[in-house]
Every structure is written in structure tokens, then in C-alpha cells.
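**Q** Residue numbers (the numbering used here), protein chains in the order written: chain B, 3 to 470; chain F, 3 to 470.
Source of the hints: derived by calculation from the structure; they are not laboratory data. Incorrect hints may have been included.
What the hints assert, rightly or not - Here are the in silico distance ranges between beta carbons for each label pair:
1. B:Glu-233 with F:Thr-5: 35 to 45 Å
2. F:Asp-26 with B:Lys-363: 52 to 62 Å
3. B:Lys-363 with F:Thr-5: 27 to 37 Å
4. B:Ser-382 with F:Asn-46: 33 to 43 Å
5. F:Ile-71 with B:Glu-381: 47 to 57 Å
6. F:Leu-28 with B:Ser-377: 50 to 60 Å
7. B:Glu-451 with F:Leu-326: 13 to 23 Å
8. B:Lys-459 with F:Leu-4: 34 to 44 Å
Note that beta-carbon positions come from the ideal geometry of N, C-alpha and C, so glycine has one too.
2 protein chains.
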Amino acid sequence: MLTYNLDQKNKSLYLQLYEKIKKDILDNKLEAKGKLPSKRKLANHLGIALITVENAYEQLIAEGYIYTIEKKGYYVSSLVEKTFELHKQSNNDMNKILDHEDSSYYDLKSAEVDINLFPFSIWSKLMRQVISEKNKKLLVKTDSFGVFEFRLAIAKHLYSYHGLVVEPNQIIIGAGSEYLYSMIIKLLGFDNIFALENPGYKKISKVYESNNVKTRYIELDSDGIDITKLENINVVHVSPAHQFPTGIVMPIKRKLELLNWANEKENRIIIEDDYDSEFRFKGVILPSIMSIDKNEKVIYLNTFSKTIAPSIRISYMIIPKKYLSEYKNKLGFFSCTVPSFEQYTLARFIDEGYFERHLNKMKTYYRKKIGVFFSLLKESRLNNIAEITYKDSGLHFLLKLDTNINNEIILKKAYDRGVKLNSLEEYDYYDKSNKKDHIFIINFSLISELNFQNVIKIFEDILFETKN
Amino acid sequence: MLTYNLDQKNKSLYLQLYEKIKKDILDNKLEAKGKLPSKRKLANHLGIALITVENAYEQLIAEGYIYTIEKKGYYVSSLVEKTFELHKQSNNDMNKILDHEDSSYYDLKSAEVDINLFPFSIWSKLMRQVISEKNKKLLVKTDSFGVFEFRLAIAKHLYSYHGLVVEPNQIIIGAGSEYLYSMIIKLLGFDNIFALENPGYKKISKVYESNNVKTRYIELDSDGIDITKLENINVVHVSPAHQFPTGIVMPIKRKLELLNWANEKENRIIIEDDYDSEFRFKGVILPSIMSIDKNEKVIYLNTFSKTIAPSIRISYMIIPKKYLSEYKNKLGFFSCTVPSFEQYTLARFIDEGYFERHLNKMKTYYRKKIGVFFSLLKESRLNNIAEITYKDSGLHFLLKLDTNINNEIILKKAYDRGVKLNSLEEYDYYDKSNKKDHIFIINFSLISELNFQNVIKIFEDILFETKN
Numbered sequence: 003m004l005t006y007n008l009d010q011k012n013k014s015l016y017l018q019l020y021e022k023i024k025k026d027i028l029d030n031k032l033e034a035k036g037k038l039p040s041k042r043k044l045a046n047h048l049g050i051a052l053i054t055v056e057n058a059y060e061q062l063i064a065e066g067y068i069y070t071i072e073k074k075g076y077y078v079s080s081l082v083e084k085t086f087e088l089h090k091q092s093n094n095d096m097n098k099i100l101d102h103e104d105s106s107y108y109d110l111k112s113a114e115v116d117i118n119l120f121p122f123s124i125w126s127k128l129m130r131q132v133i134s135e136k137n138k139k140l141l142v143k144t145d146s147f148g149v150f151e152f153r154l155a156i157a158k159h160l161y162s163y164h165g166l167v168v169e170p171n172q173i174i175i176g177a178g179s180e181y182l183y184s185m186i187i188k189l190l191g192f193d194n195i196f197a198l199e200n201p202g203y204k205k206i207s208k209v210y211e212s213n214n215v216k217t218r219y220i221e222l223d224s225d226g227i228d229i230t231k232l233e234n235i236n237v238v239h240v241s242p243a244h245q246f247p248t249g250i251v252m253p254i255k256r257k258l259e260l261l262n263w264a265n266e267k268e269n270r271i272i273i274e275d276d277y278d279s280e281f282r283f284k285g286v287i288l289p290s291i292m293s294i295d296k297n298e299k300v301i302y303l304n305t306f307s308k309t310i311a312p313s314i315r316i317s318y319m320i321i322p323k324k325y326l327s328e329y330k331n332k333l334g335f336f337s338c339t340v341p342s343f344e345q346y347t348l349a350r351f352i353d354e355g356y357f358e359r360h361l362n363k364m365k366t367y368y369r370k371k372i373g374v375f376f377s378l379l380k381e382s383r384l385n386n387i388a389e390i391t392y393k394d395s396g397l398h399f400l401l402k403l404d405t406n407i408n409n410e411i412i413l414k415k416a417y418d419r420g421v422k423l424n425s426l427e428e429y430d431y432y433d434k435s436n437k438k439d440h441i442f443i444i445n446f447s448l449i450s451e452l453n454f455q456n457v458i459k460i461f462e463d464i465l466f467e468t469k470n
Numbered sequence: 003m004l005t006y007n008l009d010q011k012n013k014s015l016y017l018q019l020y021e022k023i024k025k026d027i028l029d030n031k032l033e034a035k036g037k038l039p040s041k042r043k044l045a046n047h048l049g050i051a052l053i054t055v056e057n058a059y060e061q062l063i064a065e066g067y068i069y070t071i072e073k074k075g076y077y078v079s080s081l082v083e084k085t086f087e088l089h090k091q092s093n094n095d096m097n098k099i100l101d102h103e104d105s106s107y108y109d110l111k112s113a114e115v116d117i118n119l120f121p122f123s124i125w126s127k128l129m130r131q132v133i134s135e136k137n138k139k140l141l142v143k144t145d146s147f148g149v150f151e152f153r154l155a156i157a158k159h160l161y162s163y164h165g166l167v168v169e170p171n172q173i174i175i176g177a178g179s180e181y182l183y184s185m186i187i188k189l190l191g192f193d194n195i196f197a198l199e200n201p202g203y204k205k206i207s208k209v210y211e212s213n214n215v216k217t218r219y220i221e222l223d224s225d226g227i228d229i230t231k232l233e234n235i236n237v238v239h240v241s242p243a244h245q246f247p248t249g250i251v252m253p254i255k256r257k258l259e260l261l262n263w264a265n266e267k268e269n270r271i272i273i274e275d276d277y278d279s280e281f282r283f284k285g286v287i288l289p290s291i292m293s294i295d296k297n298e299k300v301i302y303l304n305t306f307s308k309t310i311a312p313s314i315r316i317s318y319m320i321i322p323k324k325y326l327s328e329y330k331n332k333l334g335f336f337s338c339t340v341p342s343f344e345q346y347t348l349a350r351f352i353d354e355g356y357f358e359r360h361l362n363k364m365k366t367y368y369r370k371k372i373g374v375f376f377s378l379l380k381e382s383r384l385n386n387i388a389e390i391t392y393k394d395s396g397l398h399f400l401l402k403l404d405t406n407i408n409n410e411i412i413l414k415k416a417y418d419r420g421v422k423l424n425s426l427e428e429y430d431y432y433d434k435s436n437k438k439d440h441i442f443i444i445n446f447s448l449i450s451e452l453n454f455q456n457v458i459k460i461f462e463d464i465l466f467e468t469k470n
């Protein structure tokens, strides 16, 4: 029989009883579906009034801890048990994710970066330093735009790495680019039609559409977005440093043409999504559109998902000074979505040179890797039918195959053999008609040299050996 | 004269020179506005070709590190200097914020909580544990809804503290309630009219309006939102546990009426914003509308801004199971906006009982404080003209004064004497006509007993002594 001391002063007996039973249920001392003593028996046993037990049981029923079966009695709910089952299951899922690297498939689809290459020991050292030094300051709510010293660190980095001269007060920190796209829509207005690149990164169009604004997909020519197609458009979203999925690197000429287009009308603006511009493998980083803009026609966006890890959820945007007061008036009430802790840590990571060092290390790593991949392709039987498009930027290239086999069949056979990849045409928003080219997108950030060799073998099998 | 060793292999000379000069500028070894040697002189000095220096200087000009004055020469830009000035300024601002508590004004306006009462030493201990134990796992991207063990911890807490039975997979984590409101709009659709409480918390209406959806302000009676006024409305946003600013605690009868209203039509839904429901100072926590809902008519929202600190930027919502697949299809591509690190830390804080202990400590603290405040008011000269409205919930009360002095004058005089506060009528979205009541909102989370005594003295001065 349940035995409790109900001796707390200033607390009604039923509440004490209710709390003790609740605690025993949560601590698993009372088994799920186990029967509780009848109200009368428990009252007698504890030497308290029947009404006290009744009140406690009622409260427990109301809150779902126990339930009653008519004419049978009171039973402990099984919710807790169920919840722990779920917990175990979730831990299994987590381990699956962590084993990602040595899993049974070859992932050419994921554009995520290999977290094992990130200097986590330095990162955790900086985290500890921030905890010790900032202490309770970490609980102070930051400016709506983000922690100033983080924005300053970004400004300095943009200056030294991208040659971009901006002031920290133009920088707005947000929990991922998706969030910042939404803020740009709120700033520019829901009546705009947002022009997007076609083919393009699908998430961008999904975010715009989920915000209930109109989008228009604009064709690309070999230099990027086709400016002659921007009729009745005032806002255009482009990725000039390295367009996904085509890999086009917008030449300076097109950047200037785009700026000319923007300068023609007061309310035209360019959203420059510079998401993996750091990975430029030839020469110095190319100038962004913002860096050559003289008329405040560019909102610039970048992320740390590719350069640190996607889990960090930190992006930033730079808005022209002329929009600052409007932004503050309209949207300044929004709190910064990134915890100050991550902002301080990343500020330190940048300020102390670790970020640039990591970027350089990763650039060397990717440069070497892609060199190996291209050699492996050349040495393979694919060489005669393969054409690579790669503009020395970013973490994917295009592989065009000269074959009569359907894309769907190639993708299906590759998938059956453990290769996950996409074809270029899957990123086209319309005009599927003239897409007979066999162009595949090869994301090379995650795959190892050995696995890439295996992928080539699988492709050789599909394209040459199997005839069905 | 600048002297550098340009001896890196595999790197062009101009690039090495450009990088070394850039580094000296960033390290402040080359002073802003200082003159650089002429191209010819530097080429001779370093024993390299003129074209090499030209290329390096061009690159530095293009990136804004140096500039040229015709016929005079090359100079170091002053941007870096300027940036450091900004940094110093910002640090001053930060210190001002941190001195908040002993600043020169009495803040009855801010609903923020006193961060000094949060057990930061425990929190930082848990942060360190999470860093050590999770290590690189912290870099793994989490589920779009959030880290499972965090959602499980929330489910258990809701069960034990609020008597709310939900499954972890119904819980969606987001960087603040503002963000989650936007996600609810995206889920339910932009064509809805969102009914909001009037008077109400202004940020809620601002978020809805910034998302370009229609809102309607619904009057409150003494039990909360007036259901008879919900014509042509399908979505209603309420705070039944403790309405801001009226302090109304919605009785169970109105909750059931609201559910009946929702049950009348398939597409009706209630958004239950339970933002400071933990601070219930009498009896047990009242049942939320969600806890008594049988028909999946409630989306429930809560935040850790009041219970931990506003800087933490973690809120969550619970969506009915019937919406789960729609949510995943429509919005599942959105990444979780909260870093996994904070989620693991808070999960541990909840799981190990610290959260509930902190809540209990804060409840005792606030309960005592408000008792003292009410006694102080009673003992003051205000007692004859003051009427307090407080329903034993939440962190503010209403103070109604029987006076002929205009609200504006009272607020102005209070402000001049260092008291920041708002009147109730400032939260009314319309119908300012019959608002002659002198009702003021007293947020008591930040103010100390001593300062509250000073505030009372100031009010006595304004209301009795000064006659102008």
C-alpha cells in the first residue's frame, strides 16, 4: 500500500498526496497500468479523510497521470512508459545520423559539409572561454540586429576576405538564410514579384512561396540570369558567386548589367545570395555585386552553414544604409533569432583567425579532392562520354554523359546500387521539353576518394555493362 | 620601406605581396592614411618586377584597403580605424545595458525578468557537460522540429507541471514566439483573418501585420475574449492563463465556450499563447485550453523567455496531430532555428529537475515581492484612491487611481521623475472614447522593494502634493 508522510505545513493534504503520487508515477515507482488502492482503503491507510484522497485522485485524472475504469478502480497511465520508448527509438535514429560517413550509400545529393573536418577542439575551447568570460552577460538580450562584436567581426572578415566594405550596423544576424529571406520579403513588401533563377535551388522558391508572395522563374544564359526577361520585375534573387545547380559564375559584365537594370528604377533591388562564395579555387575571391554597387541597390546574404556546419544556423544579411531606418521602424521589434552565446563564440573564432585558417584548409582539401576526382574520371571508361562543367567555384560540378539511356533509368539504377544523386532537369521549374541532356549534379563535399571511385565503377556498370 | 619575404612556393608574387600588405593594414602596422612607397621604389626595394607591385596595388585598391590620389601616390584606407572606433562605442552601450538594475530610472514598463536570479552557475556547468559529452554531435543538423530529447523533456515537463499530455513529435521548437507565429500563419494560410485580443500585447499584432495577414481586434469582457464578436472568424489568438495587459485569467467556462465555438466549424482553430502560465501564485496551474480539448482545435505556444531569460530565444508550439502531415509537407523543409547546443543544454536543465526548482524559487520570490508591494501600497497615501486588479497570475498587475489628473500628465510627470510605465489605454487598438479610467500597468519582475517604495513616493507627490 502507498505510504506517504503528508507533513508539509501550509499545504493542503490533498495537494501533498497528489504531488507524492505524481512523483512516484514520474519516477516509475508506480508501474504503468498498475492498479492504485481504492480511495477508501488509501484514506484509512493514511489516516486521512476520504474527500482528501478523492480530491487528489481527481487532480491526477484531470492531468492524465491516472485513469479510472468504471466499477474496477484507478490505474496508472502508460504515457510515461510510452514516452521512454520513444526516447530509445530516437537515440537509435541519432546514431544512424552520426554514422552517416560510413553508411551504405554514396551521397552526391547532399550539399552538407563533413563535420569531421571542422576544428571542434578549437571551437569547444572558445565556447568554454565565452562561458567563463561573458558569464551572465550571455543572458542579456542582444540588439535586434545581433551582437555588435559579432557583426564587427563579420565586417572585418568581409573586408579582408571578400573586399567588401560594410559597416557593422548594416549587418543583420538571423537563424539561417530561410529566416532572413522572410525578413527581406517583410521589408520589401508582399506585393512584389520575386524573380528567381531557373533552374535554381528549390528551397529558395519554397521559402518565397510559403510566405505567400509571387515568384517568377527567369531563365539563365551562360552568364547567369537573363536580364532581358525581367519585365515588370523589381526584385531579383541571384547567386552570382556560384549558381546552384548550374555552377555558373556570373562574370563582371553581367554583374554590371544587373546593376544597370537596378539603377533604371528607384524601387528595383538585387538580392545577392553569396552562399558558398568562399570556396573559390582559382585566383582571389571575385567581387560581389554589392562590392561594385554605388547606388545601394543590393541586399547581400551569406551563411555559415557551408563554412562551419549547417547545424549552427547562423546567416547574416547586409542591407543598404538607405533602408536602415525603414527596417528598424517596420521590423526592429523582432528579436534577434540567434542566441548571444553562438554569436560571441563565432565572433571569437573569426577574430582570432581560426575562421580564415579553416577556410584555407578546406579550400586546399576541396581543391585536392576535386583534382583527384577529375583524374579518376579521366582514367575511367566514362572519359569518352563524360563532359565536366566546373568553374572553379563551389562544392559541386556538373557531369554530362553522352548516352541513350534515360535519366530516370540511370538515376534508378544508381540508387539501387547505393548512389544518391540528382539530375539537372529536376531543378528546372518549367520547360521540361528540351531537357534531353544527361546532366547530373555531383556534390563532392561529403564523398571520399575511395567512394568516388566506387561511384565511377557503378556508373561504368550502368552505362556500359548492363544492357537492360 | 616595406620589406617582405615573398618566398611561398606555388603562389604568384603579386598575390604574396598583396596578402602581406593587407595583413599589415589589418594588424594596424600600416597606419590609416599613411602613404605607401611608390610602385617603382617598392619594386626596386624588393627586387621584383614593377608589374608585380602594380598588380598587388590594384588588388588592394579594388578591395578598399588602399586608395590613390592622382599625382600624389597610394594611401592606406581609414576603414579599419573607423571600425575600431565603432567597437569601443558598442562596448560602452553594452556596459550600460548590464548596469540596468542600478540605473537611474524605475522600470515598470519592461516585462523582462531579472537575469541575476537565474542559476547561471548550474547553467554553465550543464553547457560544459554538453560540450564534453556531445562533442562533434553538436554539429549534426537536427530534425526540422528540433532535437528529440529536448522535445521529450518539454513533453515530460508539460505533463508534470501543466498536466498537458502531448507527444514529443507534436512539439516544434523555434527561435522565439515571433518566429512561431509566422510559422502558424504559413500553416493555416494567409487568407485567414486572425482575431486578436483587445487590448492586447502589441508585438503579437505587429508580427501578424508584418506577415501581411488581416487581423481583427476583439473586445474582452471580464472573462476574456468575447465569443459573440467572432463573426466570420476562424482563427483566434488568446492568452487564457494570463492576458496581457488586462491580467484576465480565463475561467474554465469561457475556455469551454471557446472550444464549443471552435467545434462549430471544421476549420476553426484556437491559438493558445501560454506565455507566462508558469507563474500561477494560487493553487495548482490552471488547465490550458489544449488540455481540455478533445477535437484537436488548439495550437499551443509557450516560451522560455520568462522562465529562463529573453536572450535564450527558445519557444515551442504544439500542433494537433491532424495537422502534422500537412505541416511536414508544407513547412518541413524549414530548418530548426535553434542551435542544437541550446536545445541539449535546456533539455538537461529540465530533465535534471533544475527547471522546476528554478520555477518554484521564482514563484516564491515573486509571491513574496508582490505581497510586499501590496502592503507598501496599502500603507501609503495612495491607499484611499488605489484599486488593484490582480488575479494571482503573471508578472504584472493593474493599478487604478481615482484622480482627476490626466493620464498623459501622470505619465509625463512620472517619467520626469524616472518612472517608466504605461497606461492600460495605450494597449487598446480602437475605441479610445470611454477610456477615462486611470489604469496603469505595473510590471513587477524587475523592480526591487526599495525602488517600489520610491515609486510610491513619486506617485504620492504627483497625485497629492503638486497642484500644477
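**Q** For each hint, tell me whether it holds in the structure or not.
**A** Each hint, compared with the structure:
no.	hint	verdict
1	B:Glu-233 with F:Thr-5: 35 to 45 Å	violated, 57 Å
2	F:Asp-26 with B:Lys-363: 52 to 62 Å	violated, 23 Å
3	B:Lys-363 with F:Thr-5: 27 to 37 Å	holds, 28 Å
4	B:Ser-382 with F:Asn-46: 33 to 43 Å	violated, 52 Å
5	F:Ile-71 with B:Glu-381: 47 to 57 Å	holds, 56 Å
6	F:Leu-28 with B:Ser-377: 50 to 60 Å	violated, 37 Å
7	B:Glu-451 with F:Leu-326: 13 to 23 Å	violated, 41 Å
8	B:Lys-459 with F:Leu-4: 34 to 44 Å	violated, 54 Å
In terms of the numbered hints stated before, the structure departs from hints 1, 2, 4, 6, 7, 8, listed from lowest to highest.
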